[in-house]
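Enquirer: What follows is the residue order along each chain.
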Amino acid sequence: MLLLRVEDIHKTYGDLEVLKGVSFTVQKGETKVIIGPSGTGKSTLLRCINRLTPPDKGRVWLEGVEVTHTKSRINKLRAQIGFVFQDFNLFSHLTALDNVRIGLVKVKGLKKDIATKLAMRELERVGLRDKANAYPAQLSGGQQQRVSIARALAMDPKLILFDEPTSALDPELIGEVLTVMISLAKEGMTMVVVSHEMGFARAVADEIIFMEHGVIVEQGPPQQLFVSPKHPRTKEFLQKITELYGKGKEVRT
Amino acid sequence: MTDFFHFAQSSLPSLLAGTAVTLQLWAWCMLGGTILGLLLALGRVYGNRIVYAFSTGYIELFRGTPMLVQMLFIYFGLPNIGIQLSSLVAASMALGMNTAAYQAEYFRAAIRSVKAGQMEAAYALGMSKIQAIFYIVLPQALRIVIPSWSNEAVLLLKYSSIAFAIGVPELMARAQIIGYTTFRFFDAFLITAFIYLMLTTGLAQLLDILSEKLAIPGQEVR
Amino acid sequence: MIYRTILEELPYLLQGALVALELLFAFISLGFFVGMAIAIMRVYGNRFLTLLAVLFERFFRGVPAVVLLFLFFYGIHNISPFTAATLALGFRSAAYQSQIFRGAIEAIQSGQMLAARALGMGRFKAIWCIILPQALRLAIGAWSNEFASELKDTSLAYTIGVVELLRRAKYIVSYTYGNGALVVYGVCALMYLVLVRTGNVVLYRLEDKFAIPGFERREKGM
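Protein chains in written order, with our numbering: chain Z, 1 to 253; chain X, 1 to 222; chain A, 1 to 222.
A few of these clues could be false.
Stated by the list, open to error - Now the stretches of chain Z that chain X is said to cover, found in silico as 3 or more residues with beta-carbon under 8 Å:
(1) 67 to 79
(2) 93 to 104
(3) 234 to 243
Claimed, not checked - Below, a list of computed lysine-lysine pairs in the DSBU-like style, where the Cα atoms sit at most 30 Å apart:
(4) Z:Lys76 / Z:Lys57
(5) X:Lys129 / Z:Lys117
(6) Z:Lys117 / X:Lys158
(7) X:Lys213 / Z:Lys158
(8) Z:Lys108 / Z:Lys71
(9) X:Lys115 / Z:Lys106
(10) Z:Lys158 / Z:Lys235
(11) X:Lys213 / Z:Lys57
The set of hints was computed from the structure by calculation and includes no laboratory data. Just so it is clear, CB atoms sit at the ideal spot from N, CA and C, and this is done for glycine as well.
Using the sequences plus the hints, can you model the full thing?
Expert: Set out below in structure tokens:
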């Protein structure tokens, strides 16, 4: 079932055209991983999907409802799309529990006790039940990111967008976040992930999208893309990544 | 020395009555000033062009002119166009509107120092702009602004003394009256100085405790 | 009719502005030297000097300006209002300026002092030749704020009889039996506004001129 449709997205910042016509689709339950050199508009693309950054041209549909239309109830739509930021962006004045709960109470209008139950369930899911009353400043980077994932999950979204979720983490903390993401993918959550973690991509992606200079260069299932990439640029990029990071850490599935 | 002590004793009742008026005046001005200041700051940060222009104009005007002139304008000038206010109300207005202008700038700086990512995350959850400002930005900004706000609170307490110029019976005015009736001006003002000292020191301590209580665990208050 | 009076009296008011500026420079200079001395006492002095400095600061920062004005006016025999105002506002300014200096001195790395001593400079020479020149430049930014606030505070001197801008405005108002209050005080306020704005611009330029390349201008405000 077609869940997300992105069509011909263009975005320019000043003189620089960051996205030059990007289109792709996502089926329900799929995990798509977007890879590519830094600064090629991958994060911008993600932000265009839930209109945190409105695209200059192009349209986005979520289950047939157009997100990019000016008349669309953007807040309602955003509530159905989860977003995990590179810098976590947890609300610093709230505890972990409050962070996960606030969307349920203020956006979805649930009663506090029901919201608390749901929130605790999600914290449990990411393995942080015992940190419910901790404040973000008291948590490690990996813990903060997991809370941020719980916050997104609590809204029961149709789709979750991940914007380089592990790039701001110390190496030893990356694993705990990837573990959560892998289990989400296996449970059937529809995900679009921008990441450099090749091991993760190889393990759970249904399709890899390679972007460079604001366009999609090549896309395909990981077995195909990693083993025999069609485009020379893809080959070049993968070689460079493998040189720098190795074949991707062995990821437990 | 004992003579001074006796003088102090006899002056105290009047001075304390004046202190009560001072504190009342101060409390009302801080309340009104904080609310107005916050609104002005929100207007400057989130408002449209008209709101921004109005807020900025207000702030420039009240920060660029002396408080005393503002007070005299309100108390003596407004009657020219038919608005007659009591000295207490005029003083409150002048002090309140003045502090609002300064507080607006402090609030604005505090709001702007809340990271942009916080708003983004709020939007990503589906919050509206107003929800994001109210539930996410303001709670953080209000904590960040505490040092400046405390500073302003102490400053206002000291400046409340200018209300004597339009006849408000606060501490300074009482001291002056005692001076006129006993001719012991210096002694009267010396005692007054020490009362103010105690008030400002006490207030500063109280605000320090408050800021500690409100701090978000893990984050130092700047 | 009132407007005619204002126009006629404009030179009189402008002279008052001049008196205010005279007072301003007089007491800011006093505050400068005393403030610097206090700052040096606090940073480099022994325990006794430090205590003295702290008491000085506490007193002159904790007592309202008008109380200080009256204390000096009535406390010293046969003192002119202008001198009393200079002293009162001067020492008060010194207390604030010493904070600025202290911040600037402490911001200069201790390595500078060590290097100076290593060259063989005595303590005073090191302070004079190495620390102060840098501190003064760092302090310029904070002074811009001080300046505006002190200029407005010259209006307080009217309470002890200094015939500066505000007092002259008051005379004109009584001359018009109160009917000109709105306009006169309005014009008076505008004059202060112009003075403050001009002063800020001048100081901004000065800051640029004297800045040490590489040390960015500090953020004003909070």
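Enquirer: Run every hint past the structure and note whether it holds.
Expert: Hint check results:
1. By the rule of at least three residues with a Cβ nearer than 8 Å to a Cβ of chain X, the coverage given for the segment 67 to 79 of chain Z holds, with 5 such residues.
2. Counting residues of the segment 93 to 104 of chain Z whose CB lies closer than 8 Å to any CB of chain X gives 3, so the stated coverage by that chain holds, three being the minimum.
3. Only when three residues or more bring their CB closer than 8 Å to a CB of chain X does the claim for the segment 234 to 243 of chain Z stand; here the count is 0, and the claim is violated.
4. Restraint check for Lys76 of chain Z and Lys57 of chain Z: satisfied, since their Cα atoms lie roughly 22 Å apart, inside the 30 Å limit.
5. For the hint pairing Lys129 of chain X with Lys117 of chain Z, the CA-to-CA distance comes to about 27 Å; that is within 30 Å, so the pair holds.
6. As the CA atoms of Lys117 of chain Z and Lys158 of chain X are separated by approximately 51 Å, the hinted pair breaks the 30 Å bound.
7. Taken as a hint, the Lys213 of chain X and Lys158 of chain Z pair is broken in the structure, with Cα atoms around 41 Å apart against an allowance of 30 Å.
8. Restraint check for Lys108 of chain Z and Lys71 of chain Z: the C-alpha separation of about 20 Å stays at or below 30 Å, so the hint holds.
9. With a C-alpha separation of about 21 Å, the suggested pair Lys115 of chain X and Lys106 of chain Z falls inside the 30 Å cut-off, and the hint holds.
10. For the suggested pair Lys158 of chain Z and Lys235 of chain Z, the alpha carbons sit about 33 Å apart, so the restraint of at most 30 Å is broken.
11. As the CA atoms of Lys213 of chain X and Lys57 of chain Z are separated by approximately 50 Å, the hinted pair breaks the 30 Å bound.
The structure is inconsistent with the numbered hints 3, 6, 7, 10, 11, although it conforms to all the rest.
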